Structure formats: structure tokens, C-alpha cells
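Visitor: Throw the hints in and build the complete structure from the sequences for me.
Protein chains in written order, with my numbering: chain P, 104 to 361; chain S, 24 to 188; chain L, 5 to 404.
By construction, these hints were calculated from the structure, which means they are not laboratory data. Nothing here was measured: the structure is a model prediction, and the numbers come from that model. Watch out, some of these pointers could steer you wrong.
Stated by the list, open to error - Only part of the chain L face toward chain P is listed, based on derived beta-carbon distances under 8 angstroms:
(1) His46
(2) Leu115
(3) Met345
To be verified - For lysine to any residue, the following SDA-like pairs were computed, each having C-alpha atoms within a straight-line distance of at most 20 angstroms:
(4) P/Lys195 <-> L/Tyr359
(5) S/Lys107 <-> P/Val284
(6) P/Lys195 <-> L/Val356
(7) S/Lys103 <-> P/Lys196
(8) P/Lys196 <-> L/His42
(9) L/Lys266 <-> L/Asp277
The C-beta atom is built at its ideal place from N, Cα and C for all residues, glycine as well.
Below, each chain spelled out in residue letters.
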Amino acid sequence: MSDMKSMSDKTPSSPERRHFINAATVAAGVTLVPGVMLIEVAHGRPEDQAASSAVRWGMLVDATKCATGCDECVSACSTENGWTPVAESQHKKQAPQWIRKLELQDPLTQLETNLPMMCQHCAEPPCVDVCPTGASFKRADGIVLVNRHTCIGCRYCMMACPYKARSLVHEPLNDTQKPDVPRGVGCVEACTFCVQKVDRGDGTTACVEACTAAGHNALVFGDMNDPESEISKRLRELPTKQVRADLNLNLGVRYHGI
Amino acid sequence: MAGKIKRLLALGAVVLTTAALAWAGSEDQPKAGGAPKPVITKATKGEHCVEPNDFMRRNHMKVLLHHRDETVLEGIRTKKYSLKECINCHASEKTGSVAASKDDFCVSCHSYAAVKIDCFDCHSTKPQGSMAMHPLNAETAHYAHKLAAQANSKVSAEEMAGVAQ
Amino acid sequence: MASITFREVEGSSLKYWALFGGIGLFVLFGFLSYLYMHHHGHVVTGMDNQIVWGLPHVFAVFLIVAASGALNVASIASVFNKPMYKPLAPLSAILALALMLGGLLVLVLDLGRSDRLIVAMTHFNFKSMFTWNVFLYSGFFGLVGIYLWTMLDRNVKAYSKAAGTAAFIWRLTLTTGTGSLFGFLIARELYGTSMLAPMFIIMSFSYGLAIYLMVLVAAYAWTGRTLGDAVMMRLKSLLAVFVAAALYFVVVYHMTNLYFTKMHSVEAFILRDGGILTTLFWVGQIVIGCVIPLVILLSGLGKQRAWIMIASALIVLGGIAQMYVTIIGAQAYPLDMFPGMTVKSSFYDGVVHGYAPSMPELFLGLGGVAIALLVTTFAVKVLRLLPASLDDATVAKLEH
Chain P
104 MSDMKSMSDK TPSSPERRHF INAATVAAGV TLVPGVMLIE VAHGRPEDQA ASSAVRWGML
164 VDATKCATGC DECVSACSTE NGWTPVAESQ HKKQAPQWIR KLELQDPLTQ LETNLPMMCQ
224 HCAEPPCVDV CPTGASFKRA DGIVLVNRHT CIGCRYCMMA CPYKARSLVH EPLNDTQKPD
284 VPRGVGCVEA CTFCVQKVDR GDGTTACVEA CTAAGHNALV FGDMNDPESE ISKRLRELPT
344 KQVRADLNLN LGVRYHGI
Chain S
24 MAGKIKRLLA LGAVVLTTAA LAWAGSEDQP KAGGAPKPVI TKATKGEHCV EPNDFMRRNH
84 MKVLLHHRDE TVLEGIRTKK YSLKECINCH ASEKTGSVAA SKDDFCVSCH SYAAVKIDCF
144 DCHSTKPQGS MAMHPLNAET AHYAHKLAAQ ANSKVSAEEM AGVAQ
Chain L
5 MASITFREVE GSSLKYWALF GGIGLFVLFG FLSYLYMHHH GHVVTGMDNQ IVWGLPHVFA
65 VFLIVAASGA LNVASIASVF NKPMYKPLAP LSAILALALM LGGLLVLVLD LGRSDRLIVA
125 MTHFNFKSMF TWNVFLYSGF FGLVGIYLWT MLDRNVKAYS KAAGTAAFIW RLTLTTGTGS
185 LFGFLIAREL YGTSMLAPMF IIMSFSYGLA IYLMVLVAAY AWTGRTLGDA VMMRLKSLLA
245 VFVAAALYFV VVYHMTNLYF TKMHSVEAFI LRDGGILTTL FWVGQIVIGC VIPLVILLSG
305 LGKQRAWIMI ASALIVLGGI AQMYVTIIGA QAYPLDMFPG MTVKSSFYDG VVHGYAPSMP
365 ELFLGLGGVA IALLVTTFAV KVLRLLPASL DDATVAKLEH
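Guide: Structural data, given as C-alpha cells:
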């Protein structure tokens, strides 16, 4: 991991350099395997076993490492989960965005902060509270999901979410969905913490993989209940905040540097 | 050997079709010129379904419903009774889908029985990895923009393959 | 106490059927709009992931709120024992049912998956205010239906007071629930306050009564029956009180917000910088919906029936403006996730969000209004809801 970290400090400048970094990422993927394997051993559960409340999936966002203008996490999410990137959408205002980059600036100090914003996977999710049919639910392992079989598209959850994390699918998708990621017109959707990858035992999400591959290492995913997990260790060291902590929703996504 | 299997398959197809027709037509056979009979294509993979055909014809919706709730709510992802596995085996060779054309596995029977399928409003009708031949499949496509960005720096086929793996 | 003769409206004239057909046309437009929206998805509407509830909800919530208010006249008669209002009660009850039906249809037909209504009827999450409203709405139909029955059938007349009281308590709860749909939301600055529940109740009084008055006057004028001034003067004074009370709640609500620094920017948005929303607030909700009607109703103008009608129409328009400001305004203002910071994103964070309602949305909403009017028009033809005469002499006898 240490060599990965040092790599992130170098910014790719020329195309050749980018090319090198890209090839290196593939190599890094291989060197990373032991670490990934460790996580798998810890959390990969048999496919016939239900998600357990002993695990709480969470994410650490290190905003100090999140690069200006970089949207690797966003495009990785769109590819993994099959939603059309907003730039390619015919109807930009109505296009779903499971994850988005926010650019913050303090008007007084001019300090700029970049960070990804997505479903915060609250322990006390307002969307789950307000959902009339119970379609919006929190899985035992802390992942907040929409059960599209019972979602009636009332959008009350979108009214209730303080993070604007949810989108309604406004137009028919015409069989462009990924086999692993069902989505449909008239239903509400949001970041799932790549639940299909988590259940497969990948122990990570598409956005985290992409951020790591790009060398930024701004995102860490893992089990916040396991004191030995990387995320737990990092959360012990780094001061983090929850967005709108005043609401006391106990978020699954923690931000450093905001 | 191969000939024997072919014969068996053909026999199986005949038996399946007859059984389906007998079931679908139940008491009174529709007169000639009525609704076209459902086309039931043999699954592209495997020897037999997860349950006997008779059972599946009558109960596939029940087992799918049960499995769907376990999967969505609890994260149980067993393969038996999983819709994804149905699609993996039953996608038509022609369209690569279970519901793209009127003769595809799911649509064929459902339109005959006049039962609306709600599944494919949200679920893909195609098997996983149907794009596998493409160097950028579902798992790696997020490198697409990178490759595009380096279009000038010439990415070799080997590198693409490396990414795809 | 003198008895009152109720009689069906003849309803065979060309005028009646022209009215019926005209309203029916709007019902048809509403239905076609629904089919169009349902076929293409919400992409053909002006709604998006920022303004998630649009014009259909403005109409739906307005109709639902007005429905419970329309029941007031009946409640005054049976719950508060005012015999003068007794002959007015059946129309009040049917109007309440009709408005509720119109509002619910709009709400339901705007769902992303309106084909799954059965799911909403079979899966419940009791922590959701929406779920409670599902029960409150169904109960409203049941109770007001029974109440109407006790008014129309002599055999069960003895239960009228009990049914009326139950319906009255239920309608107060119902509007509390409707206001709490918004009151129980933590995410947006303008919601998340218990003020919304009583404010919606008092608004329901004024919207419901305004609609009731218009329907009453129209029904009597078009059927050539006599409607005395005694009834009108009572009702218009009551209407003035309700409008003033609603205005009072709006003032208190905004004054409270203005005291809190964290609410300054959102209040500035509604009251000063919100463009069309600010205009709708000041011109629509306050001036047209409250000030002008109050001036009319409390001045000498209020003695003339035409002016009472104008005031009622203005209250209804103001009510729709109020719902627009309440529902759209709170969503148009960006969520404040990072207080004190400016925010930019591809998802319209940190910017005030525009909303341009589309034709299908407008016609879906109007379709709800049309359904309510159509049901009422039909009901007065087939049921004995309207007294044959409400001249001053007949009404005066009731008081003794």
C-alpha cells in the first residue's frame, strides 16, 4: 500500500506519463490482490447466507486527496451500474446520478474542496422512514437500498433525503440494464454501495477501485464494525465528519477534510 | 455419440412442445387459425432445469418470487431459482435474450397465456457476460474513457486484453 | 323546527348536459395526459430529480385539503348544533367526497409506477406519514359516506350526530396528516415544522368553504331555486374569519423563520429573490388569496353576491398559489449540506432550481378538479342533496 500512496502524489502530466500510470495500475491491481484477498476472507460470505448485522459497510472519503476535475469514481459507478453518464444523457435535468462530484468553496477564505456525494447509507435513514410501502429499506449490513418490486415511484424518499442522493428513472431503459443491476422506469434508485460486488465478495465498490486505480486513494471501503479493517484503522487515525451531522443520522460515509 | 445426443435433444424438444401445448391448450384446443402456439426452445445450456419441467411451468413465478425477496432484502444470492440463471440458460441463441423477440423463451409463453411480465421493466433480458467478447465488458468498461483519452498513444491489443482480464 | 324539502336537480336541460360534457372533456384531457405520462415516463413532465413533486401534487394536495374543508358546513350543523346549517349539510358532504376523489386520483396517477397501486394498498410502513394518509383518506370516504347516508335516509337519521362528529374528528386528523406529509420532512428548511399541520387545517377551512360557496350559488342560480341572503351573509362572514386566520398562520410561520439566522437565506428566497415563486407568494397567496378577499368580504362589497363569488374565486386561486409556493418553493431552494460554502456540481447542487410545468401535468391536475365537479354535478341530479328553497323565510324558521 505504501508504494501506492507515494504514487498518488505524482501527478500525471504527459500522455506518456498517463500511459505509464495506466499500465502501472494494472500491475498495481495484481500487487493489491493479497490485500483484497484478506478482505475477502474476512467478509466474503457464502451465497446462501443472509447479510449480517455484524458487518456495517462504510466508506471513508478523504477530501484532501480528491482531485479537482477528476471524475473517475463517477464514471466507474456509471459503468458498473449501467446508468448513463449525465454528459451523454438526452435529458440532463432528469438524468439519474448515483454519485456526483461536488466542488465546494468557502467564499471568505477561497478554500476549495472536492468530494464525491452519494447515498450516505444512514443508520437511521429518513428515506426508509417515509417510504409508504417499505420499498426503501436498510439491509442488515447497513446498505440502504430500494426494493424495486415494491417501489411505486411516489418520490417521497427524494423529498426526505437531506443529501439529494436519490434519482427517479424518468424514461424507459429499453433493456440497457446490467444483469447484476436491475433498474427501471418509474422507480427510485441510488448508490447501492455496489451491493452486487459486495455480495460477490469483492469487498470494495467500483468508485473505490477507480479512485485507487487513478492513484488518488481518496476512497476507502470496508466493514466499520471490524476493528481490523482498513477503513476502521484509517477512521481511528483521521478526523472525519458526517455531512449534516446535526441530523444525527449516523452515516455510513465519513468525510475527512471538510 | 453426438448423433445420439442430437436425437435425444430432438426428442426432448418434441416432448416438451407437446407437453406445453397440452398444458397451454388444456381442455379445449383452440381451433386452427387461433392464437399462435408458444415456441418453447430448449435451453442453450445444461441438460435439465432446476426442477422438473411440469413443476416449473406451473410454479416458476412462485419460486422466483420467493427467491427475489430473499435476494433483495437479505442478500442471499443462491443460483437455484435466480432469475439471472433462468436468463443465462434460456436466452435465445438468435437474439441473446429471453424477451427481445416474440419467439424468445419468456415472451413466447407469456403472450400466449396473456400474462404480462413485469420482470423486464427492470431486469436485463440478456445473460451476464453477453458482451464478454468485447474487450470492454461490464467489468472493465470504466476504463473506456481512459483508452479513448490515449487514442493517440496507441494502446496495443495485448494491453486491452490485459485490462479485460 | 320547520322541515326542509330536499329535491334532486332536474338535470335534463341542454344547459345541464352542456355543463356535464364540458367538465367531462377536462376529465378526458386529464386521462389522456395520464396515459401520455405513463407511457413515456416522467421525462415528458417538467419534474426532475430536484423538483420531484410538481404541479400534479399542487393540485392533488389542494384538492385533498379543500375536501376536508368542504365538510365544514356539515360539521357546523351536526357537531355544533346550528340548525341553520342543516339544509346545507348534504351538499357539503358530497363535495367533500368529490374533492377527495379528484385529489387522490391525481396523486395516484402521478406515481412513477401507478400500475402498482395495489402494492400501496398491501404493503405498509407505519412510520411513514404517507401510509397514515392512505388510511386517513380511506377512512374519510367511509365516514363521510356513512354521514351522508344518515342525512339522506330517515331510518338512520338518529345516528347523524354521531356520524357527523366522527367525520369531523377524522377530517381534522386527516388534514393534520396532510400537513405532516411536509411537516415530517427533515431535509428541507421550509418543512420539518409542526406549524404546517394546523396551518393546513385552517387553510382547508377557507379553501373548502370558498369552493362550497361557489358550488352552492352556481347550483341555485342555474336551477332557478331561491337562495336567500341570510345564508350567504352567515357563510361569507365565516369565510372572512377563516381567511384571516390562514393569513395569521402564514405571518407567524414566516416571522418565526425570519428570527433564525440559518433560515434567513431560504426566507429571502421565498420573500424577495425567488422570482416567480416570490411573485406567487406576494401577489398570489397574500394579495389575491387573502388581502383582496378580506377587503371584499369585510367591506360593503361583501353584501353583493357577485362580489362574494369573486372573493371565493380569488381564495381558490390564492390557495393554488400557496400550494405551489409551499411544494415547489421548498424544493427549488437548494439543500444546504455544507453551510457557509458555495457548492457546484453536475446535479444542480447549490443552485436555485427552475421548474416549468408541462401541459400534461397541468391537464392531469385540472382533470382532478374536473372529476370533483363532475361527481358533484352528477350527485345533485341523482340524490336529494339540495333543499328546494333556501329563501330567508324558510331559513329563519329553522332558527327557532
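Visitor: Each hint should be assessed against the structure and marked as holding or not.
Guide: Taking the hints in turn, this is what the structure says about them:
Among the interface hints, the one on histidine 46 of chain L holds; its C-beta lies about 5 angstroms from the nearest C-beta in chain P, closer than the 8 angstroms criterion. Evaluation of the leucine 115 of chain L hint against chain P yields a held restraint, the C-beta minimum of about 5 angstroms falling below 8 angstroms. Interface hint at methionine 345 of chain L: satisfied, since its Cβ lies 4 angstroms from the closest Cβ of chain P, which is below the 8 angstroms cut-off. Taking the CA atoms of lysine 195 of chain P and tyrosine 359 of chain L, the gap is about 14 angstroms. The hint holds against a cut of 20 angstroms.
Distance hint between lysine 107 of chain S and valine 284 of chain P is fulfilled; the C-alpha atoms sit about 11 angstroms from each other, no more than 20 angstroms. At roughly 16 angstroms between alpha-carbon atoms, lysine 195 of chain P and valine 356 of chain L fall within 20 angstroms of each other, so this suggested pair holds. For the proposed pair lysine 103 of chain S and lysine 196 of chain P, the alpha carbon gap of about 41 angstroms is over 20 angstroms, so the pair is violated. Distance hint between lysine 196 of chain P and histidine 42 of chain L is fulfilled; the C-alpha atoms sit about 19 angstroms from each other, no more than 20 angstroms.
Taking the CA atoms of lysine 266 of chain L and aspartate 277 of chain L, the gap is about 17 angstroms. The hint holds against a cut of 20 angstroms.
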